[in-house]
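**Student:** Put together the whole structure using the sequences plus the hints.
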Amino acid sequence: MGEAIVITSGKGGVGKTTTTANIGAGLAQAGHKVALIDADIGLRNLDVVMGLENRIVYDLVDVVEGFAKLKHALIKDKRFENLYLLPAAQTRDKTAVSPQQMIDLVDRMKQEFDYVLIDSPAGIEQGFKNAVAGADRALVVATPEVASVRDADRIIGLLEAQEKHNPFLIINRIRPSMVKKGDMMDIDDMIEILAIELLGVVPDDEAIVVSTNRGEPAVLNGQSRAGEAYRNITRRLLGENIPMMKLEEDTLFGKLRKMIGFKG
Amino acid sequence: MARRAKDGMAITGERTASREVSRPAPRRDGLSEMSPGDVDTDPSRRPSGQQTTDYEDEARRQPTLLIRRTLRSGQRVRFGGNVVVLGDVNPGAEISARGDIVVMGWLRGVAHAGADGDEQAVVCAFRINPTQLRIAQFIGRAPDLTESALPDTPEVAEIRDGRLVIDRWQSSGQNHPGR
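Listed in order, the protein sequences are those of chains A and B. To convert, note that position 243 of the first sequence is 243 in the numbering used here; the numbers rise steadily by one, no gaps. To convert, note that position 153 of the second sequence is 1153 in the numbering used here; the numbers rise steadily by one, no gaps.
Calculated from the structure, these hints are not laboratory results. Beta carbons: idealized from backbone N, C-alpha and C, even for Gly. Some clues are possibly wrong.
Some but not every residue of chain A turned toward chain B, in silico, with C-beta under 10 Å [as the list claims (entries may be wrong)]:
{"hint": "1", "residue": "Gly42"}
{"hint": "2", "residue": "Asp93"}
{"hint": "3", "residue": "Met184"}
**Tutor:** Written as structure tokens, this is what we have:
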């Protein structure tokens, strides 16, 4: 019996899909049997980020409606034998699926896979409710921006209301130089507000843009800083104790500036 | 104008072909006597005694849907006949037609011609670079990671010897002498 993990954020554009693709590829690389579900019906992207768009024949809605069998809708990844994608429908909307149908689907998939990662849409409406319904655990992705942290906080509240406790936090797209200058929220500020366990911090990395456009998860790229961060996140998810990546050397000047609370 | 006119005859009235029509087609008798301006499909205005091809009947059997816009991501067209798009078909858009699909623009999305199993169906477009192409039960997908040069020319996709092939569009029905 596998575990279902939803990747969610509330705010759009913070990196849910990228995170799903990278953790999925990371878990598959570690030898686990993994399925990714794109729950963003009507605005699917995970297939593009995984580079599998041209293989889609059936989708999640086809499976839920009984039009296609699950095994026919699952697309095998081109890099890993043990990684599969269940794409979202693009020509439908969130109302095509109900939370109960998602629970049934995810439960079925957990029989077959070690990990089922669910890529949630932005927002708190039905799409979010569908994505969260079948999940055992949640990963909340937030960027170091006030709006993103505010939305993440709202999401954590909604998760708790649904009895999904102890979500993990992933801080995405942090820019150490800006944090150092005090122009960007730092990790501690975010954890203080959200008060959930930090699973990892992903630095802002231009290589991510390239990798998502090419459909090759950055986690497979040894050169990418973000890829390294996602490798660490994957290992922490598997229970290993990996120290947080050092984002940038602290200078004495930087420490001093922080001490006296100099901002900007 | 949205009628099935198999090899351009309805428009030009040219003396091209009553040759080798493999599928039952309406009689085209009398066509050669017509000049281009004479094509008139309204039976009520048809002069009695003159033989005219019944395009109304053909249109009923092979209806054609004309879409005068670009199909964008998430838009899906399903039609029990032919589909003609005056515009592009973007990635994430889908056309499924019982008959042929013609795109007067870029085909970048998914197109399924002969959706009920007609292997004679074709897909043509000014530029073909689809996410996925389907004709009857055949499926072809774009190669992974190719920025490879696409031919800068209209093309047609069809089933040839049990394989889905994309070929340069040839004028005047040379692509499908059998149709």
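**Student:** Each hint should be assessed against the structure and marked as holding or not.
**Tutor:** Verification of the supplied hints:
1. Gly42: holds, 6 Å
2. Asp93: holds, 9 Å
3. Met184: violated, 33 Å
Checked against the numbered hints above, the structure breaks only hint 3 and satisfies the rest.
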